[in-house]
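Trainee: Same order as they appear, the protein sequences are chains A and B. Going by the numbering used here, the first residue of the first sequence is number 895, and it counts up by one from there. Going by the numbering used here, the first residue of the second sequence is number 895, and it counts up by one from there.
Simulated from the structure, these hints should not be mistaken for lab results. Treat the hints with caution; some may be incorrect.
Since the list gives no way to pick out one identical chain from another, each pair is judged satisfied if it fits inside one copy or across any two copies.
[Said to hold, decoys possible] Cross-link-like lysine-lysine pairs, in silico, DSBU-like; alpha carbons within 30 Å at most:
| no. | residue 1 | residue 2 |
| --- | --- | --- |
| 1 | Lys1134 | Lys1103 |
| 2 | Lys1103 | Lys1138 |
| 3 | Lys1138 | Lys1004 |
| 4 | Lys1004 | Lys1144 |
| 5 | Lys1103 | Lys1004 |
There are 2 protein chains.
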Amino acid sequence: MDSAASEVLARDLLQGIRRDVDAALDAYLPAGEEVPGSIHEAMRYSVLAPGKRIRPALLLLAAEALGVPREEALPAACSLEFIHAFSLIHDDLPAMDDDDLRRGRPTNHKRFGEAVAILAGDALCALAFEVIARETRAAALVPRLVAILGEAVGTRGMIGGQVLDLQGEEMAPDLELVREIHHRKTAALIRAACRMAAVLGEADPVVTKALDSYGEAVGMAFQAVDDLLDETSTEEAMGKKTHKDRSRGKQTFPACAGLESTRAAAQELVEQAIRAIRGPLERTEALESLALYVVARIS
Amino acid sequence: MDSAASEVLARDLLQGIRRDVDAALDAYLPAGEEVPGSIHEAMRYSVLAPGKRIRPALLLLAAEALGVPREEALPAACSLEFIHAFSLIHDDLPAMDDDDLRRGRPTNHKRFGEAVAILAGDALCALAFEVIARETRAAALVPRLVAILGEAVGTRGMIGGQVLDLQGEEMAPDLELVREIHHRKTAALIRAACRMAAVLGEADPVVTKALDSYGEAVGMAFQAVDDLLDETSTEEAMGKKTHKDRSRGKQTFPACAGLESTRAAAQELVEQAIRAIRGPLERTEALESLALYVVARIS
C-alpha cells in the first residue's frame, strides 16, 4: 500500500471511529442540564470538542486486529479520551501552561472559570475509571484495565511527564530529558491504549510486547510531530497558539536536534512501530496506516 | 455501653487502624525520592499528614463487622484516604477556597506551588483507583468497588458537592441546599466506605441497605459537626483557619438553623445511624462507637 492510499484508509477509519466514539462519550457523560449544570457543560465542552480521537482509535484498531468487537472495547477507548481531555484542561490552567486557546476555542477555564475547570478535569479523571468498571462486559478484565490506565495517568506516566515538562522550562535543552518527558507525558497513554487492547484481546506475551513497542514508538513520533508543528505551523491551522514552546523554553525535539533531525526521527519511529507489529500480528493494515497518518501531518 | 466507654473504645480502635492504614498508605505511595521528586513529596505531605483516618476506619470496621479480615479491606480503605487528600489539596487552591493552613501546616500549594499541588491531587485521584485494582485480593469484586468509588467522587458525589458549595456562596442560606451540598460533598464518600465494605463482605441486600443508611447519617452528622466547629472552635485547636464559613457566605447548618438546632440535628443523625445497623448487623459495637465519636467532638 502506498502512502497516499494509506492516508485515505486512515482518514476513513478515523471518521467511522470518531462517530462511534463520540456517540459513546456522549452517552457516558452526564447530561449538560443535570445539576450542577456548569460542571457538566464544562466536561462536555472539552470532551466533545473537535478532535482526532487518536487514542481511542489506537485502542479500537488494536483490539479489532485481535478480533475484539468494537462495542466491547468502547468503554476502555472512551476512558482514554476522558483522561486526555482532563489533562488538556489542567495543562491549560494559569498555574500550568496558561493557555487561552485550544482546538480553536477558548480553553475550559477561560469559558467556565478556574474553579469549575479544575473540578471538570477531576471529574473526568474519576469518570474514566468508573466507565471501565461499569461498562466493560468482560468483568474479569477490569482489574488489569484499571491498573494499566492508573499507571499511565499517574506520576510514572502522564502526570509525572507534566511535572518534568514544567521543571524543564528552567533547564538547557537536553535530549535525554526530552525523551523522558515525551515517554511519560505522551507515549504512556498511547502505550496504555495498546496494552488495554492486548488485555481485551487476551493476547499472548509476544503480541502484547509487539503492541507495547508499537504504542511507544507511535507515541514518541506523535509528540515529535507536535513539537515540529508548534515551530512551523500557524495559530489558524492548529486552533491553538503556536511558537510557544520556544518562548517558554520548553524541552522539545527541535530545540535539541533541529527541525530536520526531528522530521527524520519521527519517520524512523513510525517505521519502527510498523516493524514491531509485522510478524507478531496477523492483521496490521489499519494500525500501519494510523502510524503513517501520525507523520503525514508534517510531510 | 455508656458514652465515656464508647469514646475510649473509638479512640483505641482509631489508634490501631491509623497505624495499619498509615503503613499501607506509605507502601502504596511512590517514594519521596523517586523522580520527579517534588510531586511525590507533595503527595506524601498531604496523605501522611496527621489526621483521624475516619473514612478508612469506617470501611475497615464495617468490613470487619461482616467478617472480612483487615488486610483484604486495606486497599479500598486507603483509596478513600487518597481521594480525601486529593479533595483537600484541590479545595484549598486559590481558585477554590484559597486556604493557607491545613492540619496545622501550610496547605499543599503554599508548600509546593500551585502547579505541583494540582498535579499531586490529580495523581492521588488516579492512584486511588489503581490501588483498588492492583491490590484487592478478591479480583472479582474490583469492578463494583471501582464503580462505587467513581460515583462517590464524581459530579453526582464529592465533586458535584464542591461545585454546589462554591455556587452557594452567592446565595441566601437555604437548608435544602445545605443538605444537598453535604449529602454530596461529605456523605457520598462516607457512604462509599460502607458500600465498599458491603461489597467486600458480600453482604445481602438488607445489610447493604443498613450500612448505606448508617453511612449517610454518619456523613451528614460529621459535616454538621464540622460546620459547628468552624463557628465555635479556634485556629489552634483545629489546625486550620476557623470562622471562615460565615465570612465567605458558605451554606452551612448553623447559618440556616443556628448552633443549638445543629447540635441537636447531629445527635439525632448519630442515633439514626445506630438504629439503622442494630438488627440487620450482628456486631455493631465498633460502628456504634465510631458514630458516637463523630459527635463527641462537640459535646
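Trainee: Cα distance capped at 30 Å. Does lysine 1138 pair with lysine 1004 within a copy, between copies, both, or neither?
Mentor: both (18 Å within a copy, 28 Å between copies)
Trainee: Should lysine 1004 paired with lysine 1144 be assigned to within, between, both, or neither, using CA atoms and 30 Å as the limit?
Mentor: For lysine 1004 and lysine 1144, the Cα distance is within 30 Å both inside one copy (23 Å) and across copies (25 Å).
Trainee: Measure nothing new, just compare the shortest in-copy and cross-copy C-alpha distances for lysine 1103 and lysine 1004 to 30 Å and report within, between, both or neither.
Mentor: neither (42 Å within a copy, 43 Å between copies)
Trainee: Pop the pair lysine 1103 and lysine 1138 into one bin, within, between, both or neither, using alpha-carbon distances up to 30 Å.
Mentor: neither (36 Å within a copy, 55 Å between copies)
Trainee: For lysine 1134 and lysine 1103, with the copy left unspecified, which applies at a CA distance of at most 30 Å: within, between, both, or neither?
Mentor: neither (35 Å within a copy, 50 Å between copies)
Violated hints, in rising order: 1, 2, 5; the structure is consistent with all others.
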